[in-house]
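Which chain is which? The protein sequence lines are H and Y, in order.
With positions in the first sequence counted from 1, the corresponding number in my numbering is that position plus 55.
With positions in the second sequence counted from 1, the corresponding number in my numbering is that position plus 134.
For the record, the hints were derived by calculation from the structure and aren't laboratory data.
Where hints are given, some of them may not hold.
Stated by the list, open to error - Here are a few chain Y residues that face chain H, going by a calculated C-beta distance under 7 Å:
1. Ala215
2. Asp258
3. Arg299
4. Tyr342
5. Tyr350
6. Pro388
7. Arg391
Ideal Cβ placement from N, Cα and C applies to all residues, glycine included.
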Amino acid sequence: MEIFKIRDLTYYYPQEKNPALKNINLSINEGEFILLLGNSGSGKTTLGRIFNKIVPEFYGGKIKGNIYGNIEVGMVFQDPERQLVMDKVERELAFGLENIGLETKYMKKRVMETLSFLNIDDIKQSNTYELSGGQKQKVAIGAMLALGNNFLVLDEPTSQLDPSSSAEIMTILKRLNDELGYTIFLIEQKIDRCFHLADRILFMENGEIVYDGEPRSFISWAYRYKVNFLPSISHFFSKLDIKDIPLNIKEGRKLIKNIIDKNQFLTSNKKIKMKKSKENSLSPIIELKKINFSYDNKKNVLNNINLTIYQNEILGLMGANGSGKTTLIKLIAGLLKNFRGKRLVNGSIGYLSQNPNDYLFNDTVYEELKFTLDNKGIKDDRIIEEILKQLDIYKYKNKNPRDLSSGEKQRVALASILVMRPDILILDEPTRGLNLELIDNLGNILLDIRKKETTIIVVTHDVEFVSKFCDRVGLIFNGEIAQIGSKYEVLTSGIYYSTQINKLFRGYNDFVLTEDDAINFLHINKGVS
Amino acid sequence: MLKLHPATSIILCLLLFFLTLLYNNPLYIISILLFIVIGTLIIGERSSLIKVLKYSKFNIIFLILLNPLISQNGRTIIFKASYVPFLGRIKITLESIAFGLNMGLKLTCITTVFVFYSLLSERDDIFSFFAKYLNKLTIISSMTINIIHKLSIDLKRIKEVMVLRGVNFNQKNIFKKVRAVYPIIKIIFISSLEGSLDRAEALHSRLYGKAKRTNYYILRFRKIDYMINMTNLLLIIIFIISFMLNYGDYDFYPTLRNFSYHELIFLLVFNFILYLNLLFIWWYKKWKSLKSEI
């Protein structure tokens, strides 16, 4: 049954010349799980805002075309912080119900049912601001469920969550869709987690829907038009020229088994071209010994950390939300003082925090970089042009950095650090909110920077990024380093903290980590069927 | 944290606020301050109290030092100088120091009363209470509180970023110091605008203001609310009487005067009624019976 219909919709934000949405024609049927993909700035969020009328009721602007459908739509935003209003979880779930004037006896029932469905009864009296990122996002979803909205629009709900919390959120969405028949409209960049859940894929480009169809046909469409929006599993199989391309690990493993059986491949755990750890040949640039740290003398955030980081390596730091990763890099950067233990750093540090907006206040990109040089007393400003060209933002030299897209803003913030030519570059969650293409661009930039004798530390939740671009990985849980070693050692022995490709080949060869490893493995075994 | 009806906590704290402003007698001011301190300790929020008092002591010292330099009134001279650079001829009197101390205590009362207020009722209850009657005002205050809370977090984060970009915040030259702080102010200003828009969008999407609101917990007056409001009423009466009899007032100049017998008796009555509230709060924490409705 059709619940929403959009015809010839064009929308302009106030004072904008270019439309954010162009000629949108879309029908939504009850119980569909729709995944909306597209580059940053393609109009995904604006389209999401159309359903609950935030656009144009809240934002204003010009709108043309027709929207049919009168059901209430719940919206869950990217940042859980911005959508929570009340202090207590129970009150947060009831907030929307209070707003629509529901009687108290019905309210109680709805809140209790929601708490039970999401399995969060235990935190109903907790303060919302003390919850973990995953819990906050669950509460935000719960607030919409309690309202009785059975059409949910979710705008990148897992972008700030660690892999296990993200998996939990996706399971909830799947349950809502399967068990309760909810219509789900999901906007996501991390495709691996949700592609196989969707019944239908929409792809947007410059405010227009350029693809609307089934996930399987999207794979061939995306491959044909070189659109870098495929889940790792599908992307890998599409390279092998296989007709029925799998969407998830379950399907993929069946296919791999067939290939291996047919070709009588060896399924030993022989390490394939495993890069040896260079620890012995490199000299340390950062050494932390028995580091303990706590904010306000309360519970230790870092516990007995021993860590050596070597010159010219790219180290990835991963772990759950709140495990102490950001605290650790702040301590390395010299921002935290009252710690116990030894900290030795042999070089200058550049630090890129999670939010590039924290760096941008000058009128032009050029001035933004000049600001850092002036502060550091560096007179030679030829480096500005060099860095702008290296990061491919030279064309924006005279533009206001706040007017750029999120990926471009991030590159400007990075450039404002790189002009100092730091020996050590620290990046906190640099892939947040970026699509696959931008993530690959960023990774290649980091590899380029590394060539200039820079040591790089990256804090991230993105396993695929780490597997492609890092040399070593450290896993941090509860303020302790649980494991550190080469990416092959760490990422091939985890449950959540491993790549999709590794999960695909596990049991056939546990040391396959990336697409290249996988192709290599299949070729070593006499070609692909 | 207590769970008083928001109206009760607002009335009590407004009363304490205005009594502090209108009374000038140091004995009354000390009584009010002690009441707030003991009340906060009974509720079990020692750490919040210490935090406020830590900053208040600097205010008191500052006012004790500043007032004698500005006010040349008073007869009990402690120090006299015919010429001090920038200040000229100064005379420091015991009365002006006492006046400064009294003002410092008043200021401490006012800051601690806000802390006390935040401990008497749950924030969610206060939000619901106001949202029922003052829809738009509540949305504005919610956004403001959110911005203030966010500002302190943003400030710390942006400062860290700027330190690593080479900005020196420890400049001695005032102009250089202002120049160093300028980027932070600019970024915070832009982020605050974006933040408040986010908050408003979240409230809009949660259908705030769409219909007449109901309450998840029906806010009802309980025994404790009736008892505290009864003492609030008595305090208002006492205040009016003391104002008429001029008991709450005190002249620091030209010399400090002794307190009269009647004044002290009246203070005892005032304190007896005011401190009854502490007894109620203590009972409320100990016994369930006060948490029930009548």
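Going through the hints against the structure:
| no. | hint | in the structure |
| --- | --- | --- |
| 1 | Ala215 | violated (43 Å) |
| 2 | Asp258 | holds (4 Å) |
| 3 | Arg299 | holds (5 Å) |
| 4 | Tyr342 | holds (5 Å) |
| 5 | Tyr350 | holds (4 Å) |
| 6 | Pro388 | violated (49 Å) |
| 7 | Arg391 | violated (46 Å) |
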